[in-house]
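Taken in order, these protein sequences are the chains called A and B. Here the numbering used here is used: position 227 in the first sequence is 227, and no number is missing along the way. Basically the numbering used here = 1-based index in the second sequence + 347.
These are calculated hints, taken from the structure and not from any lab test. It cannot be assumed that every hint is accurate.
Residues from chain A shown here face chain B by an in silico Cβ test under 8 Å; the list is partial [to be verified]:
1. Ser189
2. Met191
3. Arg345
27 Å max Cα-Cα, derived DSSO-like pairs, lysine-lysine [to be verified]:
4. A/Lys343 - B/Lys364
5. B/Lys571 - B/Lys614
6. B/Lys427 - A/Lys341
7. B/Lys363 - A/Lys343
8. B/Lys651 - B/Lys571
9. B/Lys435 - A/Lys200
10. B/Lys520 - B/Lys467
11. B/Lys530 - B/Lys571
12. B/Lys423 - A/Lys200
13. B/Lys435 - A/Lys343
14. A/Lys24 - A/Lys72
15. A/Lys340 - B/Lys410
16. B/Lys477 - A/Lys178
17. B/Lys423 - B/Lys410
18. B/Lys378 - B/Lys559
19. A/Lys178 - B/Lys435
20. B/Lys530 - B/Lys410
21. B/Lys435 - A/Lys192
22. A/Lys340 - B/Lys427
If you anchor each label on the Cβ, the simulated ranges turn out as follows [what the hints assert, rightly or not]:
23. B/Ile459 - A/Leu325: 47 to 55 Å
24. A/Pro288 - B/Lys423: 49 to 57 Å
25. A/Gln11 - B/Ile459: 52 to 60 Å
26. B/Gly361 - A/Leu4: 22 to 30 Å
27. A/Val206 - B/Glu424: 30 to 38 Å
28. A/Lys340 - B/Glu376: 34 to 42 Å
All C-beta atoms, glycine included, are put in the ideal place defined by N, C-alpha and C.
Chain by chain, the residues run as shown.
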Amino acid sequence: MFILLGMPIVQIIIFGFALTNEVKNAKIAVLDNSKDEASLSLISQIDASRYFELEKNLHSYTEIETEFRRGKIKLALVIPQHFAEDIQHLHKTQVQLIADASDPNVANTLTNYAASVIMDYQKRITNDKKLPYTIDTELRMLYNPQLKGAYNFVPGVMAMVLLLVCTMMTAITIVKEKEMGTMEVMLVSPMKPQMIVLAKAVPYLVLSAVNIASILLLSVFVLEVPINGSLVLLVFESILFTLVSLSLGLLISSGAESQQTAMFISLIALFLPTIMLSGFMFPIENMPLPLRVISNIVPAKWYYSIVKSVMIKGTGLYVIWKETLILFGMMIFFLTLAIKKFKIRLA
Amino acid sequence: MSAVIVENIIKTYGAKKNVVTALNDISFEVKKGELFGIIGPDGAGKTSLFRILTTLLIADKGKAAVDGFDVVKDYKEIRKRVGYMPGKFSLYQDLSVEENLEFFATIFNTSIEQNYDLIKDIYRQIEPFKKRKAGKLSGGMKQKLALSCALIHRPSVLFLDEPTTGVDAVSRKEFWEMLKKLKEQGITILVSTPYMDEAGLCDEVALIQTGKILSINTPQGIIKDFKKPLWAVKSSDMLRLLNEMQALDDVEDIYPFGEYHHVLLKKEYGREQLVQWIRNYSHEDAVVQKVEPDIEDCFISLMKN
Chain A
1 MFILLGMPIV
11 QIIIFGFALT
21 NEVKNAKIAV
31 LDNSKDEASL
41 SLISQIDASR
51 YFELEKNLHS
61 YTEIETEFRR
71 GKIKLALVIP
81 QHFAEDIQHL
91 HKTQVQLIAD
101 ASDPNVANTL
111 TNYAASVIMD
121 YQKRITNDKK
131 LPYTIDTELR
141 MLYNPQLKGA
151 YNFVPGVMAM
161 VLLLVCTMMT
171 AITIVKEKEM
181 GTMEVMLVSP
191 MKPQMIVLAK
201 AVPYLVLSAV
211 NIASILLLSV
221 FVLEVPINGS
231 LVLLVFESIL
241 FTLVSLSLGL
251 LISSGAESQQ
261 TAMFISLIAL
271 FLPTIMLSGF
281 MFPIENMPLP
291 LRVISNIVPA
301 KWYYSIVKSV
311 MIKGTGLYVI
321 WKETLILFGM
331 MIFFLTLAIK
341 KFKIRLA
Chain B
348 MSAVIVENII
358 KTYGAKKNVV
368 TALNDISFEV
378 KKGELFGIIG
388 PDGAGKTSLF
398 RILTTLLIAD
408 KGKAAVDGFD
418 VVKDYKEIRK
428 RVGYMPGKFS
438 LYQDLSVEEN
448 LEFFATIFNT
458 SIEQNYDLIK
468 DIYRQIEPFK
478 KRKAGKLSGG
488 MKQKLALSCA
498 LIHRPSVLFL
508 DEPTTGVDAV
518 SRKEFWEMLK
528 KLKEQGITIL
538 VSTPYMDEAG
548 LCDEVALIQT
558 GKILSINTPQ
568 GIIKDFKKPL
578 WAVKSSDMLR
588 LLNEMQALDD
598 VEDIYPFGEY
608 HHVLLKKEYG
618 REQLVQWIRN
628 YSHEDAVVQK
638 VEPDIEDCFI
648 SLMKN
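All chains, please: the whole structure from these sequences, using the hints.
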């Protein structure tokens, strides 16, 4: 009853305030090759805009690539040499905007914002001149030049499918044994409780492996999303995430007494947060602080960022070790809790 | 040594406000190789008792031991050596008869061949259907399969929770014959049932009601303890007879029993006296007989006190 009445309120609040596609305070890096009055003024104008936050001043072109791989910045602005001179004498210059297009929507929004800020700046300096200054912006979409949506949803779908298969199905099958009474007979046997739990989890691990394979094959050959990073690493991370989901499923099953309860908990406590708080549908950066904090306990958030890094950006373990470690910790935590909470008796 | 010892077991369910006492200070012993019946109506606490003995529940108070092992401390040992058949059919419905048996043999670290002689008589009856899914079996066949699975590891004590509930009369009879044969193999059997007529088939029975044991005795002993005179009466208007006699002071109890009413009187009456008495109520065709009590009469009288 509480859920029926409370759900719409919570959802309206979350969707209304927290989950917007609008991007605020996006981290931006600047490679300023001219370092003159005009370029500094442009940079400060960008920094002043509420959409951007200057993260770093870069010194070379190669640094841009590294920063993007680390996932620190969403957009980079490259200002050419002799920026001020070109404006003064040629009345014409060019800047380059490089966006992280592994999330095409965000990339699109950000480049539009940046272009309009530059446009503003151009208008301001042209104001009292007869001959208009023009600043051309050249766009470069990194990782996903065609701005394909698939680059974004393949990692998201992977997280969702694995979570759904592993968590929900494991929880439901164990609870089903309780409902059918087979658990009762099984307990009065020399089988160790840990064995029962693990034996229930193994089939779903295998099933998930097949799912991972089929999603990857489809995305590479049908959707033409490349695997830029190491396949071995990607598979390893996926198995890690599968184990986290399995442990969660086992944990749910030890608390739930009926299949409906198990399904309900899996859906409310896992599926919705995965959709809303993993960064797959709505960028986490723009959420209010409480939601950003909550998003940290959603395993799918970490897995989603890992898959994006490995598959789309082609990074290695050195960038995603933190996320990997967090997932690993979650797995140990949930698994120990699940085995500890597993009832060796009926009550 | 006794196969099962129960000492002052108390089990309650629920929180502070609405506590349900399932077992209220129960004690009894079952000797090795005995067929021990626990008879009582639904909700008497039979299943709770079985779950405590099979280590599935922990009693609030009291001690219990199965085969010399404590049900709380040595639960692992007990789980290795008892067979348990819950009241609800609890096998894998989507596995075939054969697969179920193999599965249970495997989890008890044994094989069908090893103990085939023990289950042979039972399993042979369902063997023609061994490829059929367990969920598609009839009630009687399900019970036979469940019993086979509970026996596959040659348990020393067998717990059967209401094995004959919902089973037809012929299958019930067969089932009890199987139990007798198992007893000959030296297996101690505890069986619970709500059917009082099955009590006579046990070596010893405990009558249990609302968590208390009313009596523990051999079936013969229980009948012997029944000291009051018992009469069977019959007339053409049975319902009026029942109501009228219930109102009489000298009638301790009257209840329908087959085609007669059984009447328990507070004082000794002669047959003629009783016939006269009933005829006064214009039951001209009344038949009155003195009868020997059977086990059901004993239970009914025990339960009413």
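Status of each hint after checking the structure:
Below 8 Å, beta-carbon pairs count as interface contacts, and A/Ser189 has one with chain B at about 5 Å; its hint therefore holds. Hint on A/Met191 holds. Least Cβ distance to chain B is approximately 5 Å, under the 8 Å limit. With its C-beta approaching chain B no nearer than about 5 Å, A/Arg345 sits inside the 8 Å limit, and its interface hint holds. Proposed proximity of A/Lys343 and B/Lys364 is supported: the alpha carbons are some 26 Å apart, at most 27 Å.
Under the criterion of a C-alpha separation no larger than 27 Å, the hint pairing B/Lys571 with B/Lys614 is consistent with the structure, at around 19 Å. A distance of roughly 23 Å separates the Cα atoms of B/Lys427 and A/Lys341; the hinted pair therefore holds under the 27 Å criterion. Proposed proximity of B/Lys363 and A/Lys343 is supported: the alpha carbons are some 23 Å apart, at most 27 Å. Restraint check: the Cα-Cα separation between B/Lys651 and B/Lys571 comes to about 18 Å, which is no more than 27 Å; the hinted pair holds.
Note on B/Lys435 and A/Lys200: the hinted pairing holds, with a Cα-Cα distance of about 22 Å set against a maximum of 27 Å. The suggested pairing of B/Lys520 with B/Lys467 holds, with an alpha-carbon distance near 18 Å, which does not exceed 27 Å. A C-alpha spacing of about 25 Å is found between B/Lys530 and B/Lys571, which places the hinted pair at or below 27 Å, so the restraint holds. A C-alpha spacing of about 21 Å is found between B/Lys423 and A/Lys200, which places the hinted pair at or below 27 Å, so the restraint holds.
At roughly 20 Å between alpha-carbon atoms, B/Lys435 and A/Lys343 fall within 27 Å of each other, so this suggested pair holds. Proposed proximity of A/Lys24 and A/Lys72 is supported: the alpha carbons are some 15 Å apart, at most 27 Å. About 26 Å separates the Cα atoms of A/Lys340 and B/Lys410, which keeps this hinted pair within 27 Å; it holds. For the proposed pair B/Lys477 and A/Lys178, the alpha carbon gap of about 25 Å is at most 27 Å, so the pair holds.
Restraint check for B/Lys423 and B/Lys410: satisfied, since their Cα atoms lie roughly 16 Å apart, inside the 27 Å limit. Distance restraint check for B/Lys378 and B/Lys559: the Cα-Cα separation of roughly 21 Å lies within the 27 Å cut-off, and the hinted pair is therefore satisfied. Distance hint between A/Lys178 and B/Lys435 is fulfilled; the C-alpha atoms sit about 12 Å from each other, no more than 27 Å. The suggested pairing of B/Lys530 with B/Lys410 holds, with an alpha-carbon distance near 26 Å, which does not exceed 27 Å.
Annotation: proposed proximity of B/Lys435 to A/Lys192 holds, straight-line Cα distance about 23 Å (limit 27 Å). A hinted pair counts as satisfied when its Cα atoms are at most 27 Å apart, and A/Lys340 with B/Lys427 qualifies at roughly 22 Å. The given range of 47 to 55 Å is respected by B/Ile459 and A/Leu325, whose C-beta atoms sit roughly 48 Å from each other. Take A/Pro288 and B/Lys423: their Cβ atoms lie about 52 Å apart, and the range 49 to 57 Å holds.
Checked against the hint of 52 to 60 Å, the C-beta distance between A/Gln11 and B/Ile459 comes to roughly 55 Å, which is consistent with it. Taking 22 to 30 Å as the suggested C-beta distance range, the pair B/Gly361 and A/Leu4 conforms, at roughly 27 Å. About 34 Å separates the C-beta atoms of A/Val206 and B/Glu424, a value consistent with the hinted range of 30 to 38 Å. For the pair A/Lys340 and B/Glu376, the supplied restraint of 34 to 42 Å holds, since their beta-carbon distance comes to about 36 Å.
Checked against the numbered hints given earlier, this structure breaks none of them.
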